[in-house]
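S.K.: Protein chains in written order, with this note's numbering: chain A, 1 to 500; chain B, 1 to 324; chain C, 1 to 363.
Derived by calculation from the structure, the hints in this document are not laboratory data. Hints may contain errors.
Unchecked claim - With a Cα cut of at most 25 Å, we get these calculated BS3-like pairs of lysine-lysine:
no.	chain 1	residue 1	chain 2	residue 2
1	C	K77	C	K219
2	C	K77	A	K292
3	C	K77	A	K358
4	B	K308	A	K484
5	C	K135	C	K280
6	A	K42	A	K358
Said to hold, decoys possible - What the simulated footprint calls covered on chain A by chain C, stretch by stretch (three residues with Cβ under 8 Å from a Cβ of chain C suffice, anywhere in the stretch; the number is not a length):
no.	segment
7	23-36
8	155-162
9	234-245
C-beta atoms are modelled at their ideal positions from N, C-alpha and C, and glycine is treated no differently.
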Amino acid sequence: MLEARGALEAVVRGRLSTRELDRLATGRDLWPLTLLWLRQGKVPPPPDAVVWPGTDDEVASVVRIARERRLALIPFGAGSGVCGGTLAVHGGVMVDLKRFDTIGPVDPVRRCVDVGAGVMGETLERRLAARGWTLGHFPSSIGMSTVGGWLAARSAGQLSSRYGKIEDMVLSVRGVLGTGERFETPERPFDGPDVAQVLLGSEGTLCVFTGARLRVHPRPEARVFRAFEVPSVERGLEAIRRVFREGLRPAVVRLYDPFDTTFVGRAKPASPRKAPSKRSALEATVLPGVLKRLAIETLGRPGLVNPLTRLATRSRLIFMCEGEAKHAAAEDRAIAAACLSMGGVDLGEGPGREWYRKRYDVNARLPRLMEAGTFIDTMEVSAPWDAVFEVYERVREVAGAYALVLCHFSHAYADGCSLYFSFVGSGRTEAEIEDRYQQLWRAALGAATSAGANVSHHHGIGLLKARAYQDSLGEGRHALATLKRLFDPDGILNPGKLGL
Amino acid sequence: MKTLLQALGPVAQAVGDGLVLRPASERELVAVLAVLRDRQASLGAEVMLDRSALARLGAVQDRAMTLEAGAGVPVRVVESKANHARLTLGPLSPMAWEASVGELVEHPALAFRAVVPGRLEPIAAGITGVLADGHLVRSAVGPRHAAGPDLASLLVGGGGALGLVTAAVLRLMPLHDAEQRRLFSFGTFAQALEATREALSAGVTFARAVLRGRAGRTVGEYTLRGAAAQVDRELELLARCAEHVGGRFEGLGREAEVDGPEREASWADLASALGHGGSVELFRPALTSVIARGVAAHEFIPPGPLFKGLRAAFDRSHVLGRGP
Amino acid sequence: MIADRRPEQATSTCSFCPKACRFACPVSEATHSEALSAWGKMSAAHQVLTGARPMGADLASAVHACTGCGRCTAMCKHENEVGLTLFQVRGHAVQAGVQPRGAASTLATFQQAQNPFGREMGSLVASWRAQRPVKYPLFPGCSTLVKRPSLLEHTLALSEAFGAPMGVARSASKCCGYPLYAAGAMEAFGAHARAVAEAFEETPEVAVLDAGCAFTLVKLYPEVGVRLPCRVRTVIDVLHENLPHAPPAPPLAERVGYHDACHLGRGLGQYDEPRALLSKAVTAVVEAPSIRREGGCAGGGGLLPRTMAETAVEVARRQALEVAEEPSVLIVSGCPTSTRMFERAGRRAIDLVSLLERWVSQS
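This is chain A alone, in the form it adopts within the complex (with noise of 0.2 Å):
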């Protein structure tokens, strides 16, 4: 790297980094492995540098250089992934893409935008919204993600239902490949098949991206929320599906399995925000001793609590309708309909409104939870309405035997839905906890893919899913190869993920 640092330097014009503060910063990522490092005082092997190109000229050249002297380059967008999707392995030179911070005007005949990758969600929802406009792409990283981050990862909102995953926003995508040319996709019409639908979702294997043309909407003029309690899981599905079939396109549908309902149905009305709070400064105190003790007690015998959840059997069901008032009202009705004749009780807009507007707050639980000597992951994969069921059972059944299993059922379409699992788990020391935490992916993931489901439907596949995502890929491994020697000949975009 000391070599190549001069030229560097010159081509992102002094834009380069080898200060501890930065590598330490952009080297790890939200990988919850990573914050059970952290725990234990470890960190994971830093980059050599951190560079900030500001032009797809400057990133082509960046290339050029590390193809030269066989440096690895990771693209870094905000580092919410959760995979250790942009560890430095293999060292290397961490490319920060903020700097490519633009938010284009809207077209509104076109409706669409040009945003660069290093723009972050909540601030071109913002923007966006401002102008009377919204992407309709909500994740619950939407604070700490930017768009390239999103392209890179195939990342899904909270409104996907509607609005669809980044993917379907997408018109055009540009950016540079692992040669160093850079690119621009075609946007329709156009012949030959979809090269940014290739390249989408490559981590930073195949490509940098630097900027997207994205469709947008009106912003809504109106939502309805809904919820229903279930008599069962099975039920909830069934409505699902049932809405789905008739044509209605909820923004958001959520159902909760009776664990989780336990969680949500907890929910209390917004209260006015007092500062100071005392409950906070008591959490931040008191709290993490109490939970430290109670996490290993109870979360440590996973196969003494998980038989427990069991005993619940109502679940929640969440649904919103956006867009115009009158058709998102229309619709609501017609949901209410469908859940009511598989035994749904009304339980009005409350619970709806109170899930949205705690979106994101699920993200605030975690730190707590790390200081009380847990882990906390989450696990997403999508299925076939066929396999759903059978998916949700064989994951409860055997990660039921390392960690507590939440599941809730979102991100629904005509043909299947997206499992969200959470799994929290502890033990009696950091090294029994992390084995548990290995030995809980292996089991979990490999039950989800063996009944049925694939290996991500949003998170990505980054370190963590590497092996399953190769296996999953059968003799498609000789096309991703193929794949990986034209547009990365030398291997030095963001090398070991993906299994590449």
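Since the structure of chain A is already known, use the hints to place chains B and C on it.
M.R.: Chains B and C alone, transformed into the frame defined by chain A:
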């Protein structure tokens, strides 16, 4: 040609001066492509590929609303089987109904259907295919994924340039009898197009639309098909969208079809056609693009470097002899 | 007000947090730096506090890369006071002798002159002292006294017009001490605050012009155990209360963008008062995509203009764009520091008080 015929074995048949290759499985297709590569031969007018023997037609998966079909199965046959289960491939364009499953799924435009709100999704929920280099691709059957690059996209909509689909799991939708039409007129063609886009963005899924100039205004006839309740909901929405941009309700409508070939077109192409006094008929209206009659052919756009690279990587010897 | 009062706990929370406030930090956005995100800075500070790493120049520069704007806290479900925690951790940099140059020189100047400008403030204040009794003793803040006397003129004139005459208070010769707090010199800040409190004893109520000073007096003094013997209000609050007495005048034909200054808004909760005043004074007000509690920062706080001068201006430039993309739009702020930062970023900007003075002087 004779030695090629011998090398290919029973899968090949001499017809006139050329050969017709009729593989009945992926394995046979892989073998065919290997022989052609060895002999530096290509598929084309002299060596024709006939996928009609890839004729497996699976059972309808009612819950997921999917049906697996071999590449050689005519789309109409798939539709017939789906209809028995009260399902349908949906409102396809006339050209799509004449295609085989392989042709449908490989076609750059027909391979996608329109879904709310005006976006596109592949008709195939999963595919099996053979790349030109002889390797298989089998995509997982599922609604969506974040599992690396979408390898199915090498074949889906790929025009058969990088590989050939051998089977596809096709997405279906409920078969409903309700169909209604509405006619609106607009002061300008730009307003008519804007109303159409607004309706798509708001959640209308029309099966067909005709836009044409008449007596100084532009009329738009929209056909909606689906469950009766859904059609009613969307008709009301359509009316509000049309009125929002100054449209006037003109009755239930029955506009004549537009002649000419079907093409995938952008909204600028539609504006250009209407601006020149033409009429357009839309079959797969989405915000991204439409399949239309009445639009001019595109100028030939040379394949971009990405595509050239892909073809060089997967079909170095041009065994498929196809491409944009 | 600090939910996680112990810096160790506050920094631990951030270290394990999935960067929930990631987009909120103006310094990180302006520098495009992950290390300077709230998460990055607090993680670094956590390592210092737990003894994992010594406080060096690098870490010191990171914990100084914060304006204390509180936008991250506004996004935080734990109400974690990132800015104030980082200010506390700056004390380690003082002890280790690794303060950034701008912070060290500010501290040295302050310790010599009891203000950050090295000026003798008594004579400066004397020239402004009221010649007759006034309703509201005014504490303009040393920045305004030194750098923007015109704003002081406008304030005095406007207060007359609103029937709430103000006059510069004797205590105005004191700096509120915010630079000490922002430099991490907490003990010195405590001592200074006690001295200022004594100077305020003769005044039952004081109107403070600079939102930063008001925030310091109202919110930071209690943090070091000092409670002022008088009621502290902002000039904007007083003007708002007296708005019904303002002389009738048509609104100025001006399209302005309003910036919620951090100390005035998040610090003191004054969002509606400035807007009510503004709505009378101009015909059109543009609002930024993020406003009120979630509004952006102009880069003037936390000693950033002294420690990272270019970054501070870049923060202001970006916030100005956020408030109004068109450069022709005049940006209005209720904080003189913010106004100065926008001007340094090349934008047309004006203090709310000066704009109001223009409005009433029409009549």
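S.K.: All hints are to be evaluated individually against the structure, with a verdict given for each.
M.R.: Hints versus structure:
1. Pair hint K77 (chain C) plus K219 (chain C) holds up; C-alpha atoms about 21 Å apart against a cutoff of 25 Å.
2. Taking the CA atoms of K77 (chain C) and K292 (chain A), the gap is about 21 Å. The hint holds against a cut of 25 Å.
3. For the hint linking K77 (chain C) to K358 (chain A), the alpha-carbon distance of about 10 Å falls within 25 Å, and the restraint holds.
4. Simply put, K308 (chain B) and K484 (chain A) have alpha-carbon atoms about 15 Å apart, close enough for the 25 Å limit, and the pair holds.
5. Proposed proximity of K135 (chain C) and K280 (chain C) is supported: the alpha carbons are some 24 Å apart, at most 25 Å.
6. With a C-alpha separation of about 33 Å, the suggested pairing of K42 (chain A) with K358 (chain A) is violated against the 25 Å cut-off.
7. Three residues within the 8 Å Cβ limit are the bar, and the segment 23-36 of chain A against chain C gives 5, so the coverage statement holds.
8. Coverage of the segment 155-162 of chain A by chain C is violated. Counting CB-CB distances below 8 Å, 0 residues qualify, and the rule asks for three or more.
9. Counting residues of the segment 234-245 of chain A whose CB lies closer than 8 Å to any CB of chain C gives 0, which falls below the minimum of 3, so the coverage claim is violated.
Comparing the model with each earlier hint shows violations of hints 6, 8 and 9; every other hint is respected.
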